[in-house]
Amino acid sequence: MMCDFLFSLVCTGEIFELKAELNSDKKEKKKEAVKKVIASMTVGKDVSALFPDVVNCMQTDNLELKKLVYLYLMNYAKSQPDMAIMAVNTFVKDCEDPNPLIRALAVRTMGCIRVDKITEYLCEPLRKCLKDEDPYVRKTAAVCVAKLHDINAQLVEDQGFLDTLKDLISDSNPMVVANAVAALSEIAESHPNSNLLDLNPQTINKLLTALNECTEWGQIFILDCLANYTPRDDRESQSICERVTPRLSHANSAVVLSAVKVLMKFMEMLPKDLDYYGTLLKKLAPPLVTLLSAEPELQYVALRNINLIVQRRPEILKHEMKVFFVKYNDPIYVKLEKLDIMIRLASQANIAQVLAELKEYATEVDVDFVRKAVRAIGRCAIKVEQSAERCVSTLLDLIQTKVNYVVQEAIVVIKDIFRKYPNKYESVIATLCENLDSLDEPEARAAMIWIVGEYAERIDNADELLESFLEGFHDESTQVQLQLLTAIVKLFLKKPTETQELVQQVLSLATQDSDNPDLRDRGYIYWRLLSTDPVAAKEVVLAEKPLISEETDLIEPTLLEELICHIGTLASVYHKPPSAFVEGSRGVQHKRLPGSSAAGVSEAPPAVIPSQGDLLGDLLNLDLTPPTTTGPPPPASSGMQMGAMDLLGGGLDSLVLLCDPQMGTGFGAPPAAMPASFNVPVSGGLDDLFDLGVSLEIPNKMIFVSVQVWLPAMKAKGLEISGTFVRRAGVIQMEMTLTNKAMSVMTDFAIQFNRNSFGLAPAGPLQVLTPLSPNQSIEAALPLSTVGPVMKMEPLNNLQVAVKNNIDVFYFSCQYPISMLFAEDGKMERQVFLATWKDIPNDNESQFQIKDCHLNSDAASNKLQGSNIFTIAKRTVEGQDMLYQSMKLTNGIWVLAELRVQAGNPNYTVSTICLVLEICRIIN
Amino acid sequence: QKLVKAKMISPNCLFCHIIRQRSQRHLIYYHIREIKAANPHNREARTYGIRNFFFVLICRNYKGDVDMAEIDHFLPLLMQHEEEGLLCPVLSHGNVHFMWIKHSNLYLVATTNKNSNASLVYSFLYKLVEVFTEYFKELEEESIQDNFVVVYELLDELMDFGFPQTTDSKILQEYITQQGTKLEVAKSKVPTTVTNAVSWRSEGIKYKKNEVFIDVIESINVLVNANGNVMSSDIVGSIKLKTMLSGMPELRLGLNDRVLFALTGRDKGKTVVMEDVKFHQCVRLSRFESDRTISFIPPDGESELMSYRINTHVKPLIWIESVIEKFSHSRVEIMVKAKGQFKKQSVANNVEVRVPVPSDADSPKFKTSTGTAKYVPEKNMVVWTIKSFPGGKEFLMRAHFGLPSVENNELEGKPPITVKFEIPYFTVSGIQVRYMKIIEKSGYQALPWVRYITQSGGTLIRLQYNMTYCFRNVFYLSKGSDVEM
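Chains as they are written, first to last, in the working numbering: chain A, 1 to 924; chain B, 1 to 485.
The following block holds chain B by itself, in its conformation from the complex:
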């Protein structure tokens, strides 16, 4: 029996597992409750805790070729691997293979004994999280327990005999509803959408005002080494839609894509080379392949239409220089200088510079030329926040920590300094939405809110940057720098 008396549980730590099998055929939500042993290094105490305090939260056996009891081996295996530092997304016990992902404190585990398509399994597990999140707002122990009837229904609808079926939550919500009582027999027909070629949009959607909002979000990832050299940089962008259109509209999106311009023979204006592009299910891929046209019938509401990767060399938009002096047994002194390397008229918002500090540091003192610095002991870092950071400006932060006289002899990692920020109304790649054509057979006029900064004074297209760059090495210098506070 997987259930252990509930009363014994004092939930310090909750785990929940979903186990599915693609050979498939199990989907088990595994719920594990664990009592934290007094001494976490005492392995016996730990295992004891697990063996006695976990149970399957929910499970679904899709095929029946793997014994449901096999899941009992999962957690000990996981713990063992974790302890050896060899965590792996695939674990196996005998001829049963566990493929798992973790979502907050739940484990979703798929089991199989065949040579299953592993990438399909993981994609599906993540899809599962997505669907449940859409249904229950949050996927957690309570939401599964409180909605177990719907969960079972969903599990049946999402996958049959190990084959994923309909996984579009908007469509599922049309015939699998949370309030069972609302479901009238007469209404419970299969939406034709389920089996249609257009399986992501239902017919008969109506809006009074037809609009579509486009967001272009680019994030740049830069890796800077200790010497200040940019090791690698790339831009990952995504175009998100919020569609509020009636009927079955045909959309066409035009970007300043260099390949498209080359194909059509136009060579005016700035163009962008997209290294790789990924599209939502709705985009006609063969059409894009042949003439680079992005044409599609959009899903209703919010969705990510496409993502792209650009391989150009970008300079860090906020440049960081740091001097960290560690005087063993007494103190650590940190000096961080941040410089905005973007246009003066742009402003970076919500800038966050995260600086690592030794885990045994104490009594923090800060001094900043702007913004606020905060010590986050559970993450061993100082977070320096600047609400608004204009281009071309330079700011400084100094921090001082005490160190215990007895040195911690455990080796510590060398986490990088990370920087986060957003710069609205601006794409670093220069990508532009040239047009969005909307055609619907009823002929209505739709407004594509290509919210472009120059058109409407900053309310339409929101462009933001998330930038992370890292200093792998922490400097140990003998003297502070000459930057003025």
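The following block holds chain A by itself, in its conformation from the complex:
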């Protein structure tokens, strides 16, 4: 029936005809006419000319007709804003209709009409509908706020709709709550800093209650919203997890994945030794496996997410290898993803099974799948050493099949195997060489050439083989050209007598006949190396190569953390952060996992001083940031301190400049000259210092600074070290958290310090007794003595550390707060103080100011005492309190300070003097 008039409308005359019908007196005829209009609209015809006539039909008590007219309005209002106004009256009237269906329909449609003039009239009806007695209307109105916000954000804020929306979170009806949450999340997404979803334990509790009662979709909104919350402590985290776990049994895969997201995120907060932590890990595996029996598209989403989960917490699915075996009728995208996960889960325990499977796959017909399967065999060889031999023989079998792409792929992976296990499987080279002619892909050719060059001394006709490639040198891809150049140079160094001609030929090809700068440069380097110092050339070109790592395509840890926060979304499917593919999301804060370890510190937003009583360290650290004016550029590790430090460091530089006589600036420079950026943070720092004092006076006198990441995982093959310095009852300790972010177990830890300014040295060996398995963290406290060898460092408090494990030796440097070195016996006799003060030349004084510190002098003195800064005397001159303080460093150097506090003025002036000027600077 539809089809008939769908296609019967002929352009000329039809509009006219419809117009007449629309204005007909008969209701039925009218309705049929509107249907025809909508039908034309559906198939893409322009029926906007009928706008006034259709709007005339709006005032009807026929719900179906009304819906059709509304549909028409949504489509054309934007193109005819002036006429759309004609509809406003009816909308407003409908919003008061006794039938809730009509009220909801009106408010829903109005929100879809993106015409400014209409939005103005929308506010009043919307306000009423948000408080409607019928939940159906309220839930529709809640969504409408998000719609309106999308059109005119300012209007929504001015009208106070956001607050009403927040109130709806406490609504008695679960569906209303769910929609309000969805709307708020949507709005919050475009205002990342608005704190709209002010999540606190009370609202969380409401959401968790609603979670049990609302529809499956509502559950997803609520779970996604929960995932943005950061629990205060592990106990809260656990209680939320406990209430979310039942969702893992929901039939809707999307509910399950959103629940997994919340659990994966909150699990970070749970101590690993907690029983519940283990229980939770066990609970996660079965639902993830069940997702693999969902529809193929959902399977795909699940697999992409499992790929992330396996990297973050391999222990969850380590026993589930079999479920990832590929089925014959799986769609290709599912097959490829399963293969990826199989490799990640491959271990010594299951490698035989995996290899048997991979061998099956490698004989399938789907080219991409086969290639990936062959590559996977190579990756298994590299990952599980015990299986290497079997993998190599499997690959050889595959090469015998002579299927072109299989052979090429196999050669590429065998190259990697040679890199990992040098001098072990060279016997296969002969077989490989037989297939030289069939290689037509650059990657395979390059791999083969590399093999020939690397083992030139064992291949009798290596020169002939390489020469054969040389003929078409300019037609090869850059990859092959570069490889060929290197291989021939290697060959020359190994067999100089026979190959001189060849090497000259390739060098001239590369340097004279090529337009590629990379190739040319490499050619020249080799040329000069060979002509100036062949021995050096040998050392350089034939140097031992570093081993390749086991896991080649791990996602970088910080990205992985962000992606875990986006489980179930497109980001997790693409394995890219949202900022990479969503327009306008740059600058939106990256989501991070919460964590008891300071894993996230490296990304701390700049210019934020850590809030909780943190810290003296910050203040001191400020000073300690390497001043670029006086020293070499900061060591690589200081990059870890990230933005906050950088910014402050900048301020400090100026300070140092002011105080440094060598720079020709006198002391006591007017504080006002200090850069603004400096003042604020430092005063904040001192506040913290004072706060700290309070907390530290209590029992055993501890001084500590914030935890920092010293050694990021990417620089140390998966080992991450974060830590801090603590002074406990007179003993300085270095407290470290070692986290294994690699896929293999780490053992045999040891630590050593370079010589440093204050002779810090480990007082005992590093106590890491148990092997550190993947994704595990371990805390280690290293007591330090101050009797080690001394060497002045720049900056003074710089400490260079070497950490060794079974994988490698890693170096990092960190800076310890000078306050660690303040001895408990730093209280000077008054007389001595006075004498010393006078003895120290004025030039050794440095001065700075602390702003916005609202403590009186006594409180300040008390707090400082907690940090082993002792007040010797206090006097009051002209309303200014002067505090005289002393501190003693572990190496016996005394530092004296004068703290001037003016009542009513929150700014302090501090002057420090010391015999050693540099210490003076640093203490500031």
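Don't read these hints as lab results, they were simulated from the structure. It should be emphasised that the depicted structure is a prediction, and the values quoted were computed from it without experimental measurement. Note that beta-carbon positions come from the ideal geometry of N, C-alpha and C, so glycine has one too. Don't take every hint at face value.
Heads up, simulated BS3-like pairs for lysine-lysine below, C-alpha to C-alpha not over 27 Å straight-line [unchecked claim]: (1) A:Lys35 to B:Lys170; (2) B:Lys270 to B:Lys102; (3) A:Lys327 to B:Lys379.
Facing chain B, according to a computed beta carbon distance under 7 Å, are these residues of chain A, among others [stated by the list, open to error]: (4) Lys29; (5) Ala146; (6) Pro246; (7) Leu257; (8) Thr290; (9) Glu297; (10) Val301; (11) Lys322; (12) Tyr328; (13) His575; (14) Ala780; (15) Pro783; (16) Arg900.
Per the computed footprint, the stretches of chain A lying under chain B, defined by three or more beta-carbons under 8 Å from a beta-carbon of chain B, are [what the hints assert, rightly or not]: (17) 39 to 50; (18) 60 to 71; (19) 204 to 218; (20) 365 to 378; (21) 473 to 480; (22) 503 to 515.
Chain A is already provided as a structure; the job is to place chain B on it using the hints.
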């Protein structure tokens, strides 16, 4: 304009797309008509066909942040990926992402430009198919065209601004009806069910006779490799209800669940360890989590109450041995032996053994000891059907095909042999429905038809098995086997 003159269409092939956007906000049913190009390998001809002969069947833009014209990029993208063999459920063009599913010859596509919840989108698309199927019996081009008014209404009700709303088709049918004319203004109130906590069952349902039927269906999946070793096996079961109960009944289902038995301290009888359980929206999940009680207010009519997965090692119930000899350029000889490895008193029904054959095989000849064999050339397989297969028995099938003398040099896949069958009155896992308690405030007596085989002689609980196991490799042996025909 997405519409191309209808007269030009000669519908060899029909596609229909639904596009929805979860950022959401579009739902477009895309209708594409394509003329099959004479040469399917000629890509230009193919694209030409598409560019000229497709249009959107229906669409709904929920938010307006993605241009409706973006959908024009979808099909070329899809074709391109398909040709490269890299089909993927998510495609993107610029900053627009297409998430699509295919239902018979329709594509349902959602578009977004945000970091949308992908699993939600796919779940929703499948839900959409479910709702439309319930409304129109079949979701196809005609049903959408003929009911476009209802489709629009549904699309508005199912999702608002990219947020899925009410998707329970039984409830939707209470206020969005197919016959628009039947809808009286007075009646068109929102059913309270829509926003209730119990959003899947309306109040005031009445039956003369209160009954509930329970079906336990288990399917076992076994993967056997070429050497006859079982590579993996699992059991996926589901419990389906047909509820014909008045009012708002409270139901409680008792199974012989090992965890429950352990919790309550009883240790009698055979129990089953369910690796994972998934429940219908109606089941109180927190209750199950705390004390393993399955309590719920059931939806009216038919529904799947729960599904479960069991990870035990099961032996294939019908064991297959095959010998396939391929004599290049002349013939293929196939011998398949099937053995029932289940109790003698049980019978497998509708057994189907599907054996792959080369795509260029011809002139089939069959010989079977029971049942019938049929060549299905479009699927390149022989289907051997046995209506009734008693336990412990063994049957044999021989097939002979000719091969052309010129060999097909295209590589062929190695499809597995698959076996399908049903065995009634029996669950391989041993799961049992111990009780079904039904409590309604009016206090009526309801009959839970726990149709158990021992109770009513085979008419109550129907238990069936679908079993698939595969031989990845086809054997190439030199001589036939010694099984007697």
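Status of each hint after checking the structure:
Between A:Lys35 and B:Lys170 the alpha-carbon distance is near 26 Å, which keeps this suggested pair within the 27 Å criterion. Taking the CA atoms of B:Lys270 and B:Lys102, the gap is about 43 Å. The hint is violated against a cut of 27 Å. Under the criterion of a C-alpha separation no larger than 27 Å, the hint pairing A:Lys327 with B:Lys379 is consistent with the structure, at around 18 Å. Proximity of A:Lys29 to chain B is violated relative to the hint, the smallest CB-CB distance being about 14 Å (cut-off 7 Å).
Look at A:Ala146: its Cβ gets to within about 6 Å of chain B, closer than 7 Å, so that hint holds up. A least Cβ separation of about 4 Å between A:Pro246 and chain B falls short of the 7 Å threshold, and the interface hint therefore holds. Interface hint at A:Leu257: satisfied, since its Cβ lies 5 Å from the closest Cβ of chain B, which is below the 7 Å cut-off. Interface restraint check: A:Thr290 against chain B, minimum CB-CB distance 5 Å, threshold 7 Å, status holds.
About 4 Å separates the beta-carbon of A:Glu297 from the nearest beta-carbon of chain B, less than 7 Å, and the hint is met. With its C-beta approaching chain B no nearer than about 5 Å, A:Val301 sits inside the 7 Å limit, and its interface hint holds. Interface restraint check: A:Lys322 against chain B, minimum CB-CB distance 4 Å, threshold 7 Å, status holds. For A:Tyr328, the suggested interface contact is upheld, since its CB lies about 5 Å from the closest CB of chain B, less than 7 Å.
The closest approach between the C-beta of A:His575 and any C-beta of chain B is roughly 12 Å, which is over the 7 Å cut-off, so the hint fails. Interface restraint check: A:Ala780 against chain B, minimum CB-CB distance 38 Å, threshold 7 Å, status violated. Annotation: interface hint on A:Pro783 violated; nearest CB of chain B at approximately 46 Å, more than 7 Å. The interface hint given for A:Arg900 is violated, since its Cβ lies 54 Å from the closest Cβ of chain B, which is over the 7 Å cut-off.
With 5 residues carrying a beta carbon less than 8 Å from a beta carbon of chain B, the stretch 39 to 50 of chain A meets the three-residue requirement, and the given coverage holds. Here the stretch 60 to 71 of chain A counts 7 residues with a CB under 8 Å from a CB of chain B, which clears the bar of 3, and the coverage holds. Restraint check on the stretch 204 to 218 of chain A versus chain B: 6 residues with Cβ-Cβ distances below 8 Å, three needed, restraint holds. Counting residues of the stretch 365 to 378 of chain A whose C-beta lies closer than 8 Å to any C-beta of chain B gives 4; at least three are required, and the coverage claim holds.
A stretch counts as covered by a chain when three or more of its residues have a beta carbon under 8 Å from one of that chain; for the stretch 473 to 480 of chain A and chain B the count is 0, and the coverage is violated. A count of 0 residues in the stretch 503 to 515 of chain A with a Cβ less than 8 Å from any Cβ of chain B is obtained; the coverage claim is therefore unmet, three being the minimum.
Checked against the numbered hints listed earlier, the structure breaks hints 2, 4, 13, 14, 15, 16, 21, 22; every other hint is satisfied.
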